[in-house]
Each structure stands twice: as C-alpha cells, then as structure tokens.
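S.K.: In the order they appear, the protein sequences are chains A, B, C and D. Numbering of the first sequence is given in numbering that gives the first Met the number 0, commencing with residue 0 and proceeding in unit increments. Numbering of the second sequence is given in numbering that gives the first Met the number 0, commencing with residue 0 and proceeding in unit increments. Numbering of the third sequence is given in numbering that gives the first Met the number 0, commencing with residue 0 and proceeding in unit increments. Numbering of the fourth sequence is given in numbering that gives the first Met the number 0, commencing with residue 0 and proceeding in unit increments.
If you are wondering where the hints come from, they were derived from the structure by calculation, not from laboratory data. As the structure is a prediction and not an experimental result, all values here were calculated from the model. Where hints are given, some of them may not hold.
One copy or two, it doesn't matter: identical chains are merged, so the pair holds either way.
Said to hold, decoys possible - List of simulated lysine to aspartate or glutamate pairs, EDC-like, C-alpha gap at most 20 angstroms:
hint	residue 1	residue 2
1	Lys-7	Asp-32
2	Lys-3	Glu-76
3	Lys-121	Glu-76
4	Lys-3	Asp-22
5	Lys-105	Asp-119
6	Lys-123	Asp-32
7	Lys-105	Glu-34
8	Lys-43	Glu-9
9	Lys-43	Asp-78
Number of protein chains: 4
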Amino acid sequence: MSAKRPSKRELQALLQRARFVRDYGMRLHAVSDAECTIAMPFRKSLERPGGTVNGPAFMAAADCAMWLAIKRHIGIEHDAVTSELNTAFLNAARRQTVYCTARVLKTGKRILYGTAECHDGKGKLFTHHTVTYARVS
Amino acid sequence: MSAKRPSKRELQALLQRARFVRDYGMRLHAVSDAECTIAMPFRKSLERPGGTVNGPAFMAAADCAMWLAIKRHIGIEHDAVTSELNTAFLNAARRQTVYCTARVLKTGKRILYGTAECHDGKGKLFTHHTVTYARVS
Amino acid sequence: MSAKRPSKRELQALLQRARFVRDYGMRLHAVSDAECTIAMPFRKSLERPGGTVNGPAFMAAADCAMWLAIKRHIGIEHDAVTSELNTAFLNAARRQTVYCTARVLKTGKRILYGTAECHDGKGKLFTHHTVTYARVS
Amino acid sequence: MSAKRPSKRELQALLQRARFVRDYGMRLHAVSDAECTIAMPFRKSLERPGGTVNGPAFMAAADCAMWLAIKRHIGIEHDAVTSELNTAFLNAARRQTVYCTARVLKTGKRILYGTAECHDGKGKLFTHHTVTYARVS
C-alpha cells in the first residue's frame, strides 16, 4: 500500500538513527519504489593496504542499501533481519566515494530477496551482491 | 609439497604483518593441513546496537581464516585474492570471542574454494560461509 | 521432539512417493539426526558429453538430500520449500554412483539452512552446496 | 575485439550442437553485447508434481544462457567451465515458456561472473542466479 511507503526524508532520518551504519558515513542518495542508492564517502577507516576500499565496507554498504530498500517496501514499523549476504568482488575501489544500489526482487511473507551493486558514479561495478532478509514482524 | 607448507609460527607472523586484519585483533588459534582456526576477541568496535557482533566482523573473520588456510596450502610466497564470499547468519554472538574455522575443499590452478564457520568455543555456530579465492601468482 | 522424527523407513517411503526425484533413481542411503545421505546411481539420462554427470543432476541431489534431512528435523507432516540453492562444482564425476550428504545447520521458525556435498564412496568431493528452505507449515 | 564476437546465427548453431542442453529444447531468443536471452518451451519432462517447472530446469537454463553470453564475450574458440551457480527461487512457473536472460558483469583473465534471470515474457521473475565460470583456454 502506497500509504505505508516511507519518503526519502523518513528513510534518511532512519539511517541517521542507526549508529552502526552511520559510523561508515553512509548517506541516502536516492530512493524510488524500484531501487535505493546510498553513498559511502571514502574515509581512512575503510582503507586497506594499497589504498583500496576493504571488503567488509562493501558488504556493510550492500546490507545497508538493501535494508533501506526493504523498509521502503514493508514500511518503517515492520522489521526484517539479514539472513544471507553473497558478495562477488569485481573491481577495486581507490580512495573514492562508493555508491550502492539495492533492488528488492521478491517481497514474500517470510523472505525478502534482492540484489545490491557497489559502483562509482559512472557505472563501473566494484561488487555484486545478493541479499536475503527474513521478516521478524 | 610439504616443504612449502608454512608453520603456525610463520602464519602467525604473516597475520601480524597484515595491518588491516590485525585491527580486528584476530589471532591464529590452530592450524593443520585440514583446517585453520582464528580467534577474534570481542571489542567495542565490533559491536552493533543490542550488544551483538556486527555482520562485517564475521565476514572479515571468514575472509581472514580462509586466507591463512590457503597460504598453508599454496605457500606464503604465492598469492590469491578473494573473489566471492557468501555468508549465512545463523545465530547472534554477544560480547564474546568469535572463533572462525576455514577448510579448503578445492585447490585448483585458477580457483581455491572452501568453507568457513564462525562459532563459539563449544560448537555453536554464528555464521556459515563459502569463500572463493582466485590465484594471482 | 524425538517423537516426531521420522525413521529411515518412513523417509525412504516418502522419497518413493516423490515422483520427480524418483525419476533420478535416488535412494536413501543413511540418515541420523546429524545428517542424511542419498545415493544416485549413474544412468544415461544424467550424462553429459564426455561421460560426466551433468550439473542439474548434482543440484537435484543436493535439494533432495536436504529435503529429507529437513523432514527428519521438522517431521513429515510439516513442509518447507527450497528458496536458495548455491552450488560450487569441484570435481567431475564419471559414470559412477554419486552420494549426497546433507546437514541442517539451522532450524529457524521461518528458515532452514544447511550444507550438502556430493561425493563418491571414498570422500572425494564432486560438488559443495548451501541450501535454504522456507517453512510453509 | 569485435571481430571475435560470434553472431546470433553462430551462437544458435553452437547451441544446436550441444546435445545436453538441446534436450531441454532451449533456443537462442536474442543476443547483444549486453545480454543473451534463451527460451525454454514447456515440456512434460520439465514438470514437477503440481504442474510447475522443476528446479533443475531453471538451473540448466541459467547455466546455458550464461554460457552463450560468455561465448559472445570471449569467442567460440575459447572455453570456460561453470565453477559456481547460485539460485534463488522467487516465483513458480506453470506449464509455460521460460525465458532466461544472462549478463556478464566481469570478464577477468581467470574468472567470468554474471547474473541470469528466468522470467516470463512480461517481466515476472521465476528465479535469480549468479554464475561464475573459470576460463580453461
């Protein structure tokens, strides 16, 4: 029901209250019923030797982008938790802002499933993910 | 060739030099030709709201344990990079030391594949992973 | 509750009634609370050019072995459907009986998760799988 | 190099020579540098009880569509084999033609990675896959 779909402003506020992901500096970049994109600016704590973004940062971004995309679908008052997160590392990111775009492909009664892609602003892919959430309420 | 297989001491030294994973406080717990176990003591930076260990920490542990297990198989002088990391979240860990045990199931010319499990000291599973590395040298 | 756990005989009968998997010739080989092993004898319809067992046959075996392992855990009267099946192809099987051993790692209220391995009788691995089932009753 | 990219006609001929996949009745539907779509008409042998398409058929379609998409990228004279195939089952297909669209997201020196989606002609998804191939020549 469209009445339950949170706005970009409401999702941004939700993200700001989530201390854990906020520590990564993630911001909501764009959201629609089709997809949700966050931005994760480069910071020293994301760096691994050689000046590239570390793997856990990509996985945290995928999880966060899918969480917001799911909240858009099921409403802020409902909850779901990550049950599976699959990651393929495709290209390195170098001291740059990483965008992550999540799409929900299935909204089931028990399981939500979708994809997330980390990329630069021009379409180059860093990682590809599939993400499964289990509803808890 | 067994002559190339690094000892626990050599792998521990390798881990100490890896600044990124060292920041998680990971230590080599046990290693054999069959499997490799690391320990990741609880620290504030691994915590997410509610007092549980955050997802990226488990994934970092799986990647690290598999990396050492692979070094045991191919030798420290050879290298491989993570190409895929799949994670299933099974049970929460609460402010406790997380152990992660990795097993290499295939050592191919191009690809190495195995499993990793994060668990407490008594066999309770927190996460289950499959990990794929691509050889680069 | 152990009272609900079906015996090997009951699971074998269940498998015989499942026309689809029966067409693969799968038989229940062994079952315990810890794991379930089926046997899939070689037949022409499983062959791909070069005399090896085809990929869909391994995936069907993994799905079947996990289904029986889950029935052992939740009881024959309860049901669950495959929601995800991940496969890594490790070694080829050549005109030989393939065994598949499944282990349930988590029995949740919504999701069941485990691993399956296709192997010969001596421990050589052909494929490694992770399997997720969603409960429907 | 565009000179090496096989045409739709050449890929269709390649598919016709592949006896194993031909038994599923798969046909090349459309191909471009971006993606490759095959069609798998419904037939009795794909059915499982209840009149739905069985899981191994979807997985065979995903593997086949990705194989052709990869041949388009690397040329018919080069070869690669499936190393991983991950499947999420999203919606049932009922006695109908299944289309499968594959996209190559990375063409590496050792590994090729992409996604495949089985769907009806109007965009409804049946399954979502990630597929990894390892180059052998």
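S.K.: Any hints from earlier that this structure breaks? Give me their numbers in increasing order, please.
M.R.: Structure breaks hints 3, 4, 8, 9.
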